[in-house]
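Asker: So the chains spell out like this:
Protein chains: 4
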Amino acid sequence: MAEKKVFRIAVIGAGRIGKVHAMNIHQHPETVVHYVVDPFAEEAANSLADRVGAQVVEPERVFADESIDAVVICSATPTHSDLIEKSLLAGKAVFCEKPIDLSIERVNAVLEKTRNCTAPFLLGFNRRFDPAAAEMQARVRAGDIGDVELVTVISKDPEAPPIEYVRESGGLFRDMTIHDFDMARFLLGEEPDSVVATAAALTSEGIAAEKDIDTACVTLQCPSGRMAVITNSRRASFGYDQRIEVHGSLGSLRTENVPTSTLVLERAEGVRRETPMHFFIERYRDAYRLEWEHFVDVLNGKAEPCATGIDGQRALLIANAAYRSLETGKRELI
Amino acid sequence: MAEKKVFRIAVIGAGRIGKVHAMNIHQHPETVVHYVVDPFAEEAANSLADRVGAQVVEPERVFADESIDAVVICSATPTHSDLIEKSLLAGKAVFCEKPIDLSIERVNAVLEKTRNCTAPFLLGFNRRFDPAAAEMQARVRAGDIGDVELVTVISKDPEAPPIEYVRESGGLFRDMTIHDFDMARFLLGEEPDSVVATAAALTSEGIAAEKDIDTACVTLQCPSGRMAVITNSRRASFGYDQRIEVHGSLGSLRTENVPTSTLVLERAEGVRRETPMHFFIERYRDAYRLEWEHFVDVLNGKAEPCATGIDGQRALLIANAAYRSLETGKRELI
Amino acid sequence: MAEKKVFRIAVIGAGRIGKVHAMNIHQHPETVVHYVVDPFAEEAANSLADRVGAQVVEPERVFADESIDAVVICSATPTHSDLIEKSLLAGKAVFCEKPIDLSIERVNAVLEKTRNCTAPFLLGFNRRFDPAAAEMQARVRAGDIGDVELVTVISKDPEAPPIEYVRESGGLFRDMTIHDFDMARFLLGEEPDSVVATAAALTSEGIAAEKDIDTACVTLQCPSGRMAVITNSRRASFGYDQRIEVHGSLGSLRTENVPTSTLVLERAEGVRRETPMHFFIERYRDAYRLEWEHFVDVLNGKAEPCATGIDGQRALLIANAAYRSLETGKRELI
Amino acid sequence: MAEKKVFRIAVIGAGRIGKVHAMNIHQHPETVVHYVVDPFAEEAANSLADRVGAQVVEPERVFADESIDAVVICSATPTHSDLIEKSLLAGKAVFCEKPIDLSIERVNAVLEKTRNCTAPFLLGFNRRFDPAAAEMQARVRAGDIGDVELVTVISKDPEAPPIEYVRESGGLFRDMTIHDFDMARFLLGEEPDSVVATAAALTSEGIAAEKDIDTACVTLQCPSGRMAVITNSRRASFGYDQRIEVHGSLGSLRTENVPTSTLVLERAEGVRRETPMHFFIERYRDAYRLEWEHFVDVLNGKAEPCATGIDGQRALLIANAAYRSLETGKRELI
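Residue numbers (our numbering), protein chains in the order written: chain V, 1 to 334; chain B, 1 to 334; chain H, 1 to 334; chain A, 1 to 334.
For reference, chain V alone in the conformation it holds in the complex:
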């Protein structure tokens, strides 16, 4: 009886998102978590390794072990770029949470240094794998709404992160809007070349004190004239507000928020429905699972990575241009 091929995976980072990926890897019939790495959270690493039958090791062990097929990078942002380089240069496939780095120079250097690596690299723009977004993009490409004219991304977090996080985040555009820049590119089907941004700090004094912003409206435009508009807030008190819309010559595609359940209460004072799912890990649970299935397809040579280093680079270039626009009050080239 033949053995089924199973890919051995090393997971670096045993925090919240590392656990999500580790469980998906563990549950997928073609992948196992072989190593868990987290020098900064020993207990979490042990507990996670225990759960999935893996071994806790030092990072260097991962790159040296020829039996490891792929590395999943879920550690802190400043460690991403080194780990990507080491993994790819060691011939491992890489699945890395966004971003590659907050500095465009460092991102460029990573892309340059790994240019000749043949192992695949998937950057974790998880929202591309949300079933509604993926189906939307497929329908746009299939021509269901004709020519794309205007993409709208509404993206609001349920509450602002701790101010310590904000301080290290790279700012709203590089930390949060970056997902929306990627979604706009995913749906536009054409590279935007200019951006204009309007923003303010309205939700908390702490954010204003950090000279960061929490509420924004950013408009991208492509050479053909088609546009994308993104609205953001760090705080939608009713839940995680994630809606996208593509207007085309033959119609429109849009997604609605996902409520925690479909329960409806009707009383004389109004009809009550449940609020949108609050937490991103719950809201994008299916997306994370499908993202992993995609990566297994990549490992099997059945698919090209849906989002790569170039996508990370482009999104960061837009974020940087958006910041310039805030300063100059002008439309800026990306």
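Take these hints with a grain of salt, some might be off.
[As the list claims (entries may be wrong)] Derived pair list, reagent style BS3-like, types lysine-lysine, alpha-carbon separation capped at 27 Å: (1) Lys98/H x Lys86/H; (2) Lys19/B x Lys19/H; (3) Lys19/H x Lys98/H; (4) Lys19/A x Lys5/V; (5) Lys5/B x Lys19/H; (6) Lys86/A x Lys302/A; (7) Lys86/A x Lys98/A; (8) Lys5/V x Lys302/V; (9) Lys113/A x Lys211/A; (10) Lys302/A x Lys98/A; (11) Lys211/A x Lys330/A; (12) Lys113/V x Lys86/V; (13) Lys19/V x Lys302/V; (14) Lys86/V x Lys302/V; (15) Lys19/V x Lys5/A; (16) Lys302/B x Lys86/B; (17) Lys302/B x Lys5/B; (18) Lys113/A x Lys330/H; (19) Lys302/B x Lys330/V; (20) Lys113/A x Lys86/A; (21) Lys330/B x Lys211/V; (22) Lys302/B x Lys113/B; (23) Lys302/B x Lys19/B; (24) Lys19/B x Lys98/H; (25) Lys86/H x Lys302/H; (26) Lys211/H x Lys86/A; (27) Lys330/H x Lys330/A; (28) Lys19/A x Lys19/V; (29) Lys211/V x Lys330/V; (30) Lys19/A x Lys98/A; (31) Lys5/B x Lys113/B; (32) Lys5/A x Lys19/A; (33) Lys5/H x Lys113/H; (34) Lys5/H x Lys86/H; (35) Lys330/V x Lys19/B; (36) Lys302/V x Lys113/V.
Source of the hints: derived by calculation from the structure; they are not laboratory data.
Bear in mind the structure is a predicted one, so any value in this text is a computation, not a measurement.
Keeping the supplied structure of chain V fixed, place chains B, H and A upon it in accordance with the hints.
Answerer: Frame of chain V; chains B, H and A shown alone:
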């Protein structure tokens, strides 16, 4: 037995929208259409007068007849400013379809000339009277969503008007977005002082040939930092797309499109619902009726006009600044 | 220049529903209210006649006046059968509010006596003209959902009528469910031949004291086996609950309630939408208007009456069988 | 460092639903699958055991092993009653898929025989754990809609099972409606004491040939007069149609179907949404997980089993009475 006071109204303009107002006047228990005026459409004027038991007369007769309480102006745009002036100076209350004029100089002149008139003037920003929009604004004012942070207006026509109309329209921002500028002001609760616009002609070659635009994204900002974003298209092939949204510190208010009916067809290939109402007169039928009820309240001294000449002037100033922004690629002061 | 033919209508009954029909008649370009009749409400008759430019007369004048094309009967139920007979025998077309009579013997007598009358008779089952219901029935007939298997009618009033009304109403099945029996027949496309009913008086002690019921579930079955199920309550505290559903071999059609507006309020404690329209005249405003347009088509010989005396007779037979079922606890033949 | 208590579970039956429960057990931090039992599907048992790190054993080993805390019974229906008895008499907690047995005599015997067992018994009425249904029931109990008057359960499968399955199923009422009888009891808050049923075989000739039914409408009534109505079909071509509704004196609670995603496509010919989830394991994925969490609470002594043998017995008594009603055409006592 006491007589009930009935206001005598003169309707100028017997076209599509003139008929809507005339029928609402006729059905209201406190108002009658006394005169119909339309020198350019004799047959339509006769037919309409017949329907509501009115008399067809020349314009001058309206201003000279002391028994006329109010004038409803539904004629072509270039005639508005003169008719407003004459009516107000004759002491008649005025209800005029938007705009006062396409030229800000002419609008300023009208406001200057009628400054001392005591008769009330209601400008027909009909969408303020849509039950959903009116209730939204009331709830915003009541604090239901806390502090207003971001207003979103999605406003798309089902199809572009004839190119002859486009040519005389003043352009997208002065003809169509003007309603959205007013809605943004209605909901923001603070006067916006800057605007930045992105636009293109994507739906038809005719519009591009006229150097007009048909697809746009305009962002307004107020001194406090709060924002409004408007997206427009001249052509939403699925119907009249009219949605508004206000995001605040305690929650959000939004309206959805109104389908032609609530019928749902569920089959294996998908769940089908009806498209949004296609025609503005059908979509805003209730708004026009409630607008008239408001004007009767104004005539009875029970309410101040909800939208005045100042509102028309402000919306036009925003439109003009938006055009400047398109040219300069910069945020422009309003 | 040719004159347009205008039908002269006599409206009998100047109450709530009489006013609705009179205004629709008045606004229709091919009909005028010529007479208003209401010996029991002189003031209401005068006021209504005034509004539509009609004359108040005694009933006999209507039947004697050869210029009258049609009679609209909106008076109290016990007067319906006589007025129908007199009008049809006088050669007038008749549009009568349901029911013909609460007694099946009297209904049979009316049908017998007017059997040879050639003037058309439309019975006012207004819900057939609701745009969603009419479109649903058209799609069922067009085969959009294949063979009909199960019809569901949910029909709940916002609040019970005064007990004096209940006492004269003929009981829930003859007064309220009668509309649902008609809707079930309209959608089934096959005559039901048996019925079984379950019911109780749950909403008010007054109704129980009158030995009437206010909450019911009635199941009809056709010879082919297909079914319809109706659920009723005299009191849906959140509004007028009117939903219908047809399940077929290829899919399903259903209608949802119509909210007073599409406004949505999203806050941390829940998402609030507006309640369904509360009042039947508001909810079925379009249906009444379309019903009148249909009757004008009938007058013009362009359509056969959508609902006739036979439909009134069949619905009453079902109601009577449903009452027998309540007594016997058995499925009863209709 | 203290050890965390982990319950050892034996799973009997390695089929579709056995796998669902085994994965939930495996993922729960307080439970492990220790044994997998399936004498009739060796390969499936091995594969499942492999996945969760368990051992494949004979049934008798389960009852003899004192370290086993609980038995999860997912084998074929005819084996349930024996396995329940053996497990409970061996002092194991039991979680058994419905039904206990298709024969009421056998069910009574199981309850009698295990009357003195102290280990808890949870019967798998999984829909009680659907988040929307659970929240609905909690709100009903909390009085959010006042007194319950009418419960409506719409329950339609996407397609009929193979005719071999139908033959062994016990018939529609004992196989499929049994879930709805349980849901009605869960929501009514009062034991129904009579039932009347209407049914037919409309979807397939095979079902008619087996003298079974596939389309039904069943009404239950309680001593207080309150009612529940259930409508069923073996085939809803658009997906798994699962909706419940409770009408009360102060309002109504209802659930809507769960679409595969919230994507909306708007085109001139209609607005398209996704169909409801098709497969029960996907639709009730969360319910199965929450059901297991509840069972762990039971094992920890923190909760009483939400559904017990008595609930299975009551639902079967209703099913039997419904069959009698079909034969007699009468309301039957339960």
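Asker: Can you name, in rising order, the numbers of the hints this structure does not satisfy?
Answerer: 9, 18, 19, 24, 26, 31, 33 and 35
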